[in-house]
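Since each chain comes alone in its own frame, lean on the hints to assemble the complex.
The listed protein sequences correspond, in order, to chains A and B. Under numbering that gives the first Met the number 0, the residues of the first sequence are numbered 0 to 238, in order. Under numbering that gives the first Met the number 0, the residues of the second sequence are numbered 0 to 122, in order.
Simulated from the structure, these hints should not be mistaken for laboratory data. A portion of the hints provided could be inaccurate.
[As the list claims (entries may be wrong)] SDA-like cross-link-like pairs, simulated, lysine to any residue; straight-line CA separation at most 20 Å:
no., chain 1, residue 1, chain 2, residue 2
1, A, Lys82, B, Val26
2, A, Lys82, B, Lys33
3, A, Lys82, B, Phe83
4, A, Lys101, B, Val21
5, A, Lys101, B, Arg80
6, A, Lys82, B, Pro27
7, A, Lys82, B, Leu14
8, A, Lys101, B, Gln2
9, A, Lys82, B, Ser77
10, A, Lys101, B, Val93
11, B, Lys33, B, Ala108
12, A, Lys101, B, Ser92
13, A, Lys82, B, Ser58
14, A, Lys101, B, Ala86
15, A, Lys82, B, Ala57
16, A, Lys101, B, Asp79
17, B, Lys33, B, Val44
18, A, Lys26, A, Thr166
19, A, Lys101, B, Pro85
20, A, Lys82, B, Pro85
21, A, Lys82, B, Val63
22, A, Lys101, B, Trp84
23, A, Lys26, A, His14
24, A, Lys82, B, Arg9
25, A, Lys101, B, Arg3
26, A, Lys82, A, Gln122
27, A, Lys82, A, Ser70
28, A, Lys82, A, Asp66
29, A, Lys82, B, Ser92
30, A, Lys82, B, Arg10
31, A, Lys101, B, Phe83
32, A, Lys82, B, Ala15
33, A, Lys82, B, Gly45
34, A, Lys101, B, Trp24
35, B, Lys33, B, Val48
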Amino acid sequence: MTETGSKPSPVSAVHGARLLAALEATKNAATRANAEQRTASAGLARQHLELEAAQEAAQNLAARSHDIRNSLQVLRESVDRAKLSALNAGLEGARLGEPIGKALVVMSDEQRNLLARALDALQEHGGLLAEVERDRDRCLAELSRISEDARQATAALGRAEQQTALTCALLGELRSDLVEFFGSDPETARAMTEAAAHVRTATASLLELAQRAPLGVDALRELLSPLLALIPASEDPPR
Amino acid sequence: MAQRAGLLVRRGGELAFLPASVARWLVPLPRLTKIPWDSAEMALVGGEVVAVLVLGEASGELLVCELDGQAVALSGLSADRVGFWPASESGVSVDGVTVPTLDLSEALARFRGDRPAAQEGAP
Chain A
0 MTETGSKPSP VSAVHGARLL AALEATKNAA TRANAEQRTA SAGLARQHLE
50 LEAAQEAAQN LAARSHDIRN SLQVLRESVD RAKLSALNAG LEGARLGEPI
100 GKALVVMSDE QRNLLARALD ALQEHGGLLA EVERDRDRCL AELSRISEDA
150 RQATAALGRA EQQTALTCAL LGELRSDLVE FFGSDPETAR AMTEAAAHVR
200 TATASLLELA QRAPLGVDAL RELLSPLLAL IPASEDPPR
Chain B
0 MAQRAGLLVR RGGELAFLPA SVARWLVPLP RLTKIPWDSA EMALVGGEVV
50 AVLVLGEASG ELLVCELDGQ AVALSGLSAD RVGFWPASES GVSVDGVTVP
100 TLDLSEALAR FRGDRPAAQE GAP
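Chain B on its own, in the form it takes in the complex (with noise of 0.2 Å):
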């Protein structure tokens, strides 16, 4: 079977998965901005602003991202553990337990779609 590569990460008690080509690297959780009517946060990481994607309550540690060419911070993630894992439908299969891949895909909708609203109170 074949093996895939990736970090587990808890989110709110639960396992889940994520690839070695998404998941680059971890820092320790920076100060987060709001920016003005938007929902959207910002940090800044290695001298770079990027895009904060909140996954639920601040962990203590900001996941970096790369999605679709972009870097993209995950935060309320706690990474558990890195390795090679037989791969499974959804995900990856951990000690006899499937371990799914964190959909990423709600996150970035939402992500995206809430902007236009976001901004009606603008000037």
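Same shape as in the complex, but just chain A (with noise of 0.2 Å):
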């Protein structure tokens, strides 16, 4: 690096080009990752609207469930009553005595069956029902959760989101200050960087030459010397 207002030596330049591209690549990735969580973002919140609509039809599956039992209930009821009535209609036949009331006792000991298995079938039900309630319950309750959890996922993406902006505009200034620091811009920076690695390659090749040219070796080093005082001296040149 340089000192602030002095000229910069042509291997800072090379790493100050260098940092500036690095740069720009990492604010392009942070703007990228901040549109990809935005678009995160609007997916869990429509997600969350739909477990909404989903915990709310479970809810209306809760009411409708009441009125299935209310109707058992009446057809419990109703079921009952029947019973009684075949019964009745099975001690008036009693009454009546053989052979006249055995029909009636008859039939009515066939509808008291009939309505014995009907009475079981309801019960059936009324079980299932009961099973399917249980079932809805724990449905409610999972969707609960899950909604939770997507609630806090909005959030942490939120906050992440911030942050990530956050970043950009930091990188942003980064950027500004670096341009002023080295006099350059990205696009400069860019160039450089291609321009360093251009030489770098133009400058093996030239070394190869001069090995199979020995004839030609202190001319070629004439030649390449300032080219290569524009290389970075950390970089060794390619053998």
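The following block contains the structure:
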């Protein structure tokens, strides 16, 4: 690095150019990440809305199962009444005595058997409904948990989005400072970095040529020396 | 063997027989009302007020009977089935098993006998 105000050396200029190029690439990556975060955040917000709709649907199911339970209760009461009616018909038949009342008693008994089966079926329906209600309650609890997780994820993503935006702004400031410091801009920095790479390649080729043509070595060394001076001291020329 | 027509009822899990001449009809359990200063309960059945003998825990149905020409309702019974069965010494034989006739004398005696004691606190 050079002191502020003094002319930068060729070596520090190359380093500065690389630094600016890396900074520019980092800033671009941070900007892209910020855009991705915004997309993800919008997706999460959509999912949160869908989850809320699913929760509402599950709660509507609760109201419907309550209606079904009421309906089952009405059915049960009706079957109970019908059973009593069948037994009363049988009692009439029993009072009439055999053989007149026998048919009535037999019919009554058949009705009673059928109604007993209906009662069993209603009992089974009640049991199944209870299972459905338990499953629905589990679903509701799970949906509530997922919704809370999604809410927390949305909040965390929002915070990350803010941090990335802040990083972008800081990188922008850093870039401006470096541009001012090196007296260059990112485009020039990139061009300089590419030029340095070309110089290294050309130097390597010329060195190889010098080894194969010993007579022109001195002349080539003289030709190469200004170019070699441009390469940073820490980088060994390719052999 | 002579056949007896009647109703099989469950009382606390035990089957009992009631002749068709006694058991009149079954109704869903109506509201039972206690008579002040008396152990008796009454119910409105088919527009008539009848005395109710409580024989067990409420089952959701009330059996209206005719005893000595009087309408009396029985609660705490669960009607099982109606039919004709061979008569046995104590009741009827249902599928080879003797089912005794429901003994209402004790319940009736208590119903009648409780009244003077229950009336002690009456104004």
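Against the structure, the hints come out as follows:
no., hint, verdict
1, A/Lys82 / B/Val26, "holds, 10 Å"
2, A/Lys82 / B/Lys33, "violated, 28 Å"
3, A/Lys82 / B/Phe83, "holds, 19 Å"
4, A/Lys101 / B/Val21, "holds, 18 Å"
5, A/Lys101 / B/Arg80, "holds, 14 Å"
6, A/Lys82 / B/Pro27, "holds, 10 Å"
7, A/Lys82 / B/Leu14, "holds, 18 Å"
8, A/Lys101 / B/Gln2, "holds, 12 Å"
9, A/Lys82 / B/Ser77, "holds, 12 Å"
10, A/Lys101 / B/Val93, "holds, 16 Å"
11, B/Lys33 / B/Ala108, "holds, 18 Å"
12, A/Lys101 / B/Ser92, "holds, 18 Å"
13, A/Lys82 / B/Ser58, "holds, 14 Å"
14, A/Lys101 / B/Ala86, "holds, 16 Å"
15, A/Lys82 / B/Ala57, "holds, 17 Å"
16, A/Lys101 / B/Asp79, "holds, 17 Å"
17, B/Lys33 / B/Val44, "holds, 15 Å"
18, A/Lys26 / A/Thr166, "holds, 8 Å"
19, A/Lys101 / B/Pro85, "holds, 14 Å"
20, A/Lys82 / B/Pro85, "violated, 24 Å"
21, A/Lys82 / B/Val63, "holds, 16 Å"
22, A/Lys101 / B/Trp84, "holds, 12 Å"
23, A/Lys26 / A/His14, "holds, 18 Å"
24, A/Lys82 / B/Arg9, "holds, 15 Å"
25, A/Lys101 / B/Arg3, "holds, 12 Å"
26, A/Lys82 / A/Gln122, "holds, 15 Å"
27, A/Lys82 / A/Ser70, "holds, 18 Å"
28, A/Lys82 / A/Asp66, "violated, 24 Å"
29, A/Lys82 / B/Ser92, "violated, 24 Å"
30, A/Lys82 / B/Arg10, "holds, 18 Å"
31, A/Lys101 / B/Phe83, "holds, 8 Å"
32, A/Lys82 / B/Ala15, "holds, 19 Å"
33, A/Lys82 / B/Gly45, "holds, 18 Å"
34, A/Lys101 / B/Trp24, "holds, 17 Å"
35, B/Lys33 / B/Val48, "holds, 12 Å"
Violated hints, in rising order: 2, 20, 28 and 29; the structure is consistent with all others.
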